[in-house]
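So the protein lines, in turn, are chains A and B. Note that our numbering numbers the first sequence so that position 100 is 100, with each residue one more than the last. Note that our numbering numbers the second sequence so that position 108 is 108, with each residue one more than the last.
To be clear, the hints were calculated from the coordinates, so they are not data collected in a lab. Just to be clear, a hint being listed does not mean it is correct.
[As the list claims (entries may be wrong)] Not the full set, but computed from the structure, chain A residues with beta-carbon under 8 angstroms of chain B:
1) P43
2) G106
3) G108
Note that the structure is predicted; figures quoted are calculated from it, not measured. The C-beta atom is built at its ideal place from N, Cα and C for all residues, glycine as well.
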Amino acid sequence: EAGVVQSPRYKIIEKKQPVAFWCNPISGHNTLYWYRQNLGQGPELLIRYENEEAVDDSQLPKDRFSAERLKGVDSTLKIQPAELGDSAVYLCASSQGQGGETQYFGPGTRLLVL
Amino acid sequence: AQSVTQPDIHITVSEGASLELRCNYSYGATPYLFWYVQSPGQGLQLLLKYFSGDTLVQGIKGFEAEFKRSQSSFNLRKPSVHWSDAAEYFCAVGGGNAGNMLTFGGGTRLMVKP
């Protein structure tokens with residue numbers, strides 16, 4: 001069974017440029033998560049989807065970040081415009097449901113903003 | 001609000017020695033507790049989880065963890081460390097009344113001496 005797929009794996013951009021990350025969750029997993037992991041820290045949740053509905057986006061900086069999961073399967077996270085402080089690893093995870101279901105993580109996208 | 005503290009940022013042990021990684025959590029109800037491992041450039045892999053029942057939980061790769069409610073702890077242990085165990089370890093807490101939102105600790109980086 002394929003795991004969570006993310007692309008690209010690495011991205012280098014200049015500040016003020018836009019950037020997008022893509023995630024394909026494990027087949028059959030209704031819940032999808034985007035996390036940001038700063039260097040030397042644990043992941044922090046940005047947004048959680050139940051199917052195509054964003055049910056928890058309280059930590060998403062909505063002035064520059066947006067996300068979508070149009071058909072309830074794959075998802076895109078966008079930053080526009082990027083700032084230096086956005087440099088981090090962006091992790092996608094999925095689970096079959098909520099209530100303590102195990103979250104399975106993708107390899108992440110490492111973003112460097114210059 | 002839920003929180004996780006991993007007091008040790010770095011730990012170095014000799015190969016074959018025993019290991020204990022500390023984790024303390026704050027949560028208002030019965031928590032779901034997880035340990036994940038992250039190797040360089042990789043996503044997070046679940047080692048083990050506690051939902052209920054037996055407070056000593058067995059995981060993959062020979063790891064175990066013990067839930068101690070009175071101490072709000074969920075320490076990870078391994079009787080004999082292998083060089084391949086060198087990685088970063090994250091403790092996380094979640095629960096039913098927070099959906100499936102996980103809060104991660106800052107991580108403990110394990111180094112293994114030959």
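Tested hints:
no., hint, result
1, P43, "holds, 5 angstroms"
2, G106, "holds, 5 angstroms"
3, G108, "holds, 6 angstroms"
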